[in-house]
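J.: One-letter residues, chain by chain:
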Amino acid sequence: MTGLVQNAIDALALGSLYALTALGIGLIFGVMRLINFAHGDLIMIGGYALIVPSSAAAAVAFIGAWPAPAMVAAIVFIVMLFALACERLAFRPLRRANPSVLLITSFALSFFLEHLVVMIYGGRVKAVSIWPELLEALPISGVRIPYLQIVTIGVTIGLLVLLVLFLKRTPMGIQMRAASEDFSTARLLGVRGNRVIAVAFAISGLLAAVVSLLYVSQVGALTYSMGIPLVLFAFVATVVGGMGSLTGAVLGGFVVGIASVTLQVALPVAMRPDRDVFVYGLILLILLMRPSGLVKVKSIEEKV
Amino acid sequence: MAGPDTEGGPAGLVWRLPVVGLRAFWTPIVLSLGVLVIVLAVWASGDTVLALAVTAALIRAVMVIGLYIFIGNSGVLAFGHATFMMVGAYGVAWLTLRPFNKSFALQLPEFLAAHQYPLLPSAIAAALLAAIVAFVVGIPIMRLSGIAAAIATLAVLGMFKTFYSNWSEWTLGAATMPGIPIYVDMWIALAWVVVALFVAYIYQRSKYGLALRASREDEFAARAAGINIPRQRLIAFVLSAFFMGIGGVLEAHYLGTIAVKNFWLTITFILLAMLIVGGQRSLSGAIVGVVVISTLIEILNSLEAGMNVGVAVLSVPIGAQELTIAGLMIIILVFRPDGIMGGREVPWPFGKAGRIVRDPGAVESEHDPLRRGLAQRDSAP
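Line order of the protein sequences matches chains A and X.
Its first residue numbered 5, the first sequence is counted upward by one per residue in this note's numbering.
Its first residue numbered 367, the second sequence is counted upward by one per residue in this note's numbering.
Hints in this document: simulated from the structure, not taken from any laboratory.
Keep in mind the model is a prediction, meaning the values are calculated, not measured.
The beta carbon of each residue, even a glycine, is placed where N, CA and C say it ideally should be.
Heads up, a few of these hints could be off.
Pair by pair, the computed Cβ-Cβ distance ranges are [as the list claims (entries may be wrong)]:
hint, chain 1, residue 1, chain 2, residue 2, range
1, X, Pro715, A, Ser59, 46 to 56 Å
2, X, Gly693, A, Ser59, 16 to 26 Å
3, A, Ser188, X, Arg702, 17 to 27 Å
4, X, Ile665, A, Arg92, 27 to 37 Å
5, X, Gly592, A, Ser59, 51 to 61 Å
6, A, Met293, X, Ser469, 41 to 51 Å
7, X, Lys627, A, Pro272, 18 to 28 Å
8, A, Ala225, X, Arg589, 42 to 52 Å
9, A, Arg92, X, Phe501, 56 to 66 Å
10, A, Arg92, X, Asp551, 43 to 53 Å
Sequences are here, hints too, so could you generate the full structure?
T.: Listed below in structure tokens is the structure:
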């Protein structure tokens, strides 16, 4: 029983990270049909912003040494700024391009950002520790649940609630939903396209920053390609959940997280290194049965 | 609309006269000759370091043509083609390593462990293995819509990379596998480029290629015309994987070593950059892209190293090189999304090109802003 509880919490915590990442990707896909490969690199940039820019082997905490509220605010601000800069410089000129061109542009942008970081910080792994106290376990006997996992799940639930309120209750949120439904018509009805897209990128940056802080606290290391595994699973989560659906993205994120943890536990020890093979395989199987994902979205289907 | 690259005409018209053969195969002939000229010039210069770099670029060209067969004709992006390179490279290693080398760390079945097979049949067998893998994974993926398919191919790459890096009995896991016979030089790589060019061109002019290209231009019209899109995409996917497999095989026999980590996003990115910069919608674009990006890589290499070291461009993330290529790619995408060639093939220089264009609308639309606007609107979601 205690094992089950522990695994469930593990699955939810991992699923939370994937869900938040998938949500950041899904929001932008909604308004401009862009699958943002560079989202993972925003997460990476959030991590690197914690330390002093230098290519020395040892990382010196910079923003990472600030008190928690200032640190969170600063990282969120920096990542948002990068997200908005990406939008302005790379994606806005391509607003009318088709989704394939946007996807490949974000792939190029991802490489650009990664190697920018390599040039500034060097390519080596850097150790960084923020909030080490969060890695201690809850004082419950029999299970090992770090505080961090509870924080991760709590923060995710909080952000999801806020996002739902934003999308359902605020004028900007409603405009964003309208733009996701039909961008051209929404603009004809007075929705300001540039502003909606910029806000979507800002929120996406916020989500990336939060994932960044949670993820870095957990793994305690920075590499220039650290965003890739997250973004790969989040991509897969958005496809499994149903492209264009935010509920689907969240659902897909949790499906991928739960599948990973379940397989980790259920597979024989010798096969555990191959876990991801089964996760990806499972996803292909889901797609085989439901090619449009778990949540089907009408507005995504092309009209003749 | 069949696009601007319709010269050569429908197969039925072209095959009647042998004289027209030259014209029908004008694109692959010119491209092959162009590549041959480069190779001859390098051979004549006697610069062995440069020859190695050109060999590497020619191997990339085989891969980019492989990538083009699927992406160019279907209009669907694929990020997972490094999978097929990896399958081909390891497949050929199992076949052509000396039994003595295999006995060290690999636990292969008897027919592989005890024998060393001839090089060319092994190369083809390994590439066929890649094609079979593509066929199996392609069945579910080709049913997906364009963007979802692109991401699903990424899942395939993730899956195979994880699998190969843990399958120590066959692949030595994440370690480098050494001892593969080195025999690929400029001429062998050139021969494969020519084969790939002709096969890719014959395919894109065949009824299968034309059907797929029709679906690229207008999915709904193609479907209404009775084209089974998933099936056409699958055919291209498998053919494309075959040449990616050959690319992996050549790479293995060129470097003499293979490692799983070299078949990941960096090579995917470089190959895609070549295809996009040159122009993903034509075979000529694929070759132009390889030439441009390879030259750029060479220049950057010699700048970074202070001296030209030739071939080592595969895995070292030094930064500036990828940064420049990525920057160039974004600029091309913003200002010229159809790449340098803009979807055109090498034009036939003798006589009026207009005579052999079967679909006048295709050419008109290129110059008619209204039609172009409409085409853009149609291709937007």
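J.: Please go over all the hints and tell whether each is borne out by the structure.
T.: The hints, checked one at a time:
1. X/Pro715 with A/Ser59: 46 to 56 Å: At roughly 53 Å between Cβ atoms, serine 59 of chain A and proline 715 of chain X fall inside 46 to 56 Å, so the hint holds.
2. X/Gly693 with A/Ser59: 16 to 26 Å: Between glycine 693 of chain X and serine 59 of chain A, where Cβ atoms are some 21 Å apart, the hint holds.
3. A/Ser188 with X/Arg702: 17 to 27 Å: Once the Cβ atoms are compared, 25 Å apart, the range 17 to 27 Å for arginine 702 of chain X and serine 188 of chain A holds.
4. X/Ile665 with A/Arg92: 27 to 37 Å: Since isoleucine 665 of chain X and arginine 92 of chain A have Cβ atoms about 30 Å apart, the given range 27 to 37 Å holds.
5. X/Gly592 with A/Ser59: 51 to 61 Å: holds (60 Å)
6. A/Met293 with X/Ser469: 41 to 51 Å: holds (44 Å)
7. X/Lys627 with A/Pro272: 18 to 28 Å: This hint holds: roughly 26 Å between Cβ atoms.
8. A/Ala225 with X/Arg589: 42 to 52 Å: Distance hint for alanine 225 of chain A, arginine 589 of chain X holds at roughly 49 Å.
9. A/Arg92 with X/Phe501: 56 to 66 Å: The hinted range 56 to 66 Å is violated for arginine 92 of chain A and phenylalanine 501 of chain X, with Cβ atoms some 43 Å apart.
10. A/Arg92 with X/Asp551: 43 to 53 Å: Hint holds: Cβ distance 48 Å, inside 43 to 53 Å.
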